[in-house]
Amino acid sequence: MSIDALRRRRTARVVDAAVWGVPAITVAALAWLLADVVWHGAGQIDLAFLTTAPRSAGRAGGIAPMLVSTAIVVAIAVAVALPLAVGTAVLLVEVLPPSASAGRWIRRSLDILAGMPSIVFGLFGNLVFCTMLGMGFSLLSGGLTLACMVLPILMRAAEESLRGVPDGCRRGALALGMPRHRAITAVILPCGMPGIIDGLTLGVGRAMAETAALVFTSGYVDRMPSALTDSGRTLAVHVFDLSMNVTGGDRWAYATALVLIGLLLVTAGLLSLASRFLQRKGAHKP
Amino acid sequence: MTSISSRRPAERLFVTGLGLCGAAASLTIVAVIGVTTVEATPALSVAGPQAFLTDDGWFPLSGRFGLMPMILGTVLVSLGGLALAGPMGIVSAVFCNHYAPAAVATAYRLLLKALAGIPSVVYGLWGLVTLVPLIAAWAPPGASLLAGILVLALMILPTVAVVADSAIQQLPPALHRGGAALGMRRHTIAFRVVVPAARSGLATALVLALGRALGETMALLMVTGNLVQYPSSLFDPVRTLAANIALEMAYAQDIHRSALFVSGLVLALLVAAALVVAEVLAPDGTRHVD
Chain A
1 MSIDALRRRR TARVVDAAVW GVPAITVAAL AWLLADVVWH GAGQIDLAFL TTAPRSAGRA
61 GGIAPMLVST AIVVAIAVAV ALPLAVGTAV LLVEVLPPSA SAGRWIRRSL DILAGMPSIV
121 FGLFGNLVFC TMLGMGFSLL SGGLTLACMV LPILMRAAEE SLRGVPDGCR RGALALGMPR
181 HRAITAVILP CGMPGIIDGL TLGVGRAMAE TAALVFTSGY VDRMPSALTD SGRTLAVHVF
241 DLSMNVTGGD RWAYATALVL IGLLLVTAGL LSLASRFLQR KGAHKP
Chain B
1 MTSISSRRPA ERLFVTGLGL CGAAASLTIV AVIGVTTVEA TPALSVAGPQ AFLTDDGWFP
61 LSGRFGLMPM ILGTVLVSLG GLALAGPMGI VSAVFCNHYA PAAVATAYRL LLKALAGIPS
121 VVYGLWGLVT LVPLIAAWAP PGASLLAGIL VLALMILPTV AVVADSAIQQ LPPALHRGGA
181 ALGMRRHTIA FRVVVPAARS GLATALVLAL GRALGETMAL LMVTGNLVQY PSSLFDPVRT
241 LAANIALEMA YAQDIHRSAL FVSGLVLALL VAAALVVAEV LAPDGTRHVD
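Chains as they are written, first to last, in full-length UniProt numbering: chain A, 1 to 286; chain B, 1 to 290.
These are computed hints drawn from the structure, not numbers from a lab. All values derive from a computational prediction rather than experimental measurement. There may be inaccurate statements among the hints.
[Stated by the list, open to error] To give an idea of the chain A side of the interface with chain B (calculated C-beta under 8 Å), a few residues:
1) V19
2) D36
3) L91
4) M155
5) V239
[Said to hold, decoys possible] Label pairs and their calculated CB-CB ranges:
6) B:T37 <-> A:A42: 40 to 48 Å
7) B:G183 <-> A:G262: 44 to 52 Å
8) B:L79 <-> A:V221: 34 to 42 Å
9) A:I25 <-> B:H256: 39 to 47 Å
10) A:I25 <-> B:P173: 25 to 33 Å
11) A:R55 <-> B:A250: 20 to 28 Å
12) A:R182 <-> B:R192: 50 to 58 Å
13) B:G183 <-> A:L176: 53 to 61 Å
14) A:I3 <-> B:P173: 33 to 41 Å
The beta carbon of each residue, even a glycine, is placed where N, CA and C say it ideally should be.
Only chain B is shown next, with the shape it has when bound in the complex:
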């Protein structure tokens, strides 16, 4: 705020208004976390925080609050999706920058945007009606960890690809030219020079996609079968934390409802942790729009 701004009343009013906008915008996250925490407190104080990690089974009405199978389910689906989408997204970015002719790269970037814009409930519908029966024909029941991983991989692929793309674009062109001048082949330049040089940006891409994966709700609810259990194979149903909230909020009361807010809090913390890691990994001066 310069001295000019404080001299005129209209100017002062304007700046105050902007300050209020900024305050409201930045307090939103405080309100989200704060309110969730307050609502989670009854369950946390009745059961004790460790009960959510150590209780066997999720029966909140009988005082058993074990979230562990769902935390594991969430992490397994997310890591599985990332194991597929991560390499594919990075190769997509390499493809756009070093393999595809300009027109093809433009078209492919547009396609990735389309993939990112498809509503998650449509992915879920497609997974439920098309993918799950295919998996069921091979290894019943179909609605499974595997179905979740496949649908999620497709959903987070654009996140990885777009962030990796901008990371590779930011590299100095001299890197590529130097490789070419040394007589390196295209794939050697791409995977031995460019990818290692962009590694911190690529790591950021993976972590941001992981954050997105951990929080995905509807698509996974529709295809993973939602049984609260430790899966013993890819074909077993699992329930994720987010799906658990969506499934039980409709009828949850009192302590049960409070326990759902605890799982929301756990989810928010998992995602926030991923974001903090992403910020630490991010190369200086990059900002990400997803």
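Isolated chain A (complex conformation):
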């Protein structure tokens, strides 16, 4: 074998090793991070941790108020953003002609919104919801801020999903003499629902994980909220506060982080089950 061929074979081997090395490093990094969270956090988690209020700034007690606050803030965000997002997507796909410049502008504005850093949403939410609209530091302010943040995620997913609905569905509905708004609500939206729910998975995940946009909108009062106008600390904000502001809070921060990751996984799992169920149900339709 010539030296040239040997050299070429060696190059091939080096490049191949490098290509396999990158995913290996990525897997190792993710494993390290998750192992760390489980290792430091799992010991603190029991039923009492999930059902009691924190004591001593979070170094004892549990995270029940944070679980409730997180659920409320995310629910507000979804309740506000989902109808807007689906409405906009229907407008883009079903009403406006594909070449309409209005559609292009709506899409572009949401693309820019999607790129805005979360801290900018925090500034915006603090100014508009907390100060101008007088809601103060509250779950409502936090939820509305997150609604602005997840709106583009939900809209894109809904738009792509509606575009994927076969034209046969549309023509069939119209051929049955349905007015167009009935065709949309009774046929086209149900067909697009699995994709909308997939978008919801992304949006809810993003909302549950958010910290920067919430610190100055929903605030960090760690009591159990009793109204939407109360300030409430979400799980992610709790992790942040414990690790940065509470000495000896690391283990509790890890425990909270572990609960947060678990909750993210459960939510994503449930929503993807729902999406798959609807897809299978939809498959029976012509």
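Use these hints to put chain B onto chain A, whose structure you have.
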């Protein structure tokens, strides 16, 4: 809006409702930028826009508004993170499409999704508790530009990988087959044929990841040490623009608060610039979901 839609009152109401949704959705970004600008105006008019670039030091209460160390800190952390995550993300995409068996590629794509779904505050916690002490043992103080770069690289890797993956998937299969027919080895096809052919999609991936990096707040706040200074080495602490806002919003009043909105505006403009570049670079017909 076709003629049918305007004939029936119910239909007209429905379409009006949809129009309002669209208007509200697209006006959100206008409100975000507009409100931020209005709130930034007092500081901009008191100090003058150039003060934010030329003043030495960030002491807003004594009228010194120099954002330059923080802009530089933001850009250095972001470019450093991108220097690591960029090549790794592109190689990840090549791996999924040309090296890995189908099952491995599926598993690896799932893993990238998991990486993207981990909250940034968890990355920050891990960086603070695990990475920073490791760096401190080597070169104190630990909380540094380097810690920021490492954590950020891990966070933006999925962005690069996912967008690069879809860019490579969109290439015509003939490209790969042609290379194989010429007797090229796998790595030659991957890096001499596929990567150059996908370059505009890959560039988009890098720019989108850069946008994401510039705006990252909490994870960086937790690991970079937050000293307002020009770093002289990788081991020096820095403060990013986003971290600065998060740190000082809690107590900022009047002109100081307004100055923070100026830095928010600068940040928004940096990110918007990255997005515009991404749109210019994007190959026709691709849309990105992050």
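Hint by hint, which ones does this structure get wrong, listed from lowest number up?
none
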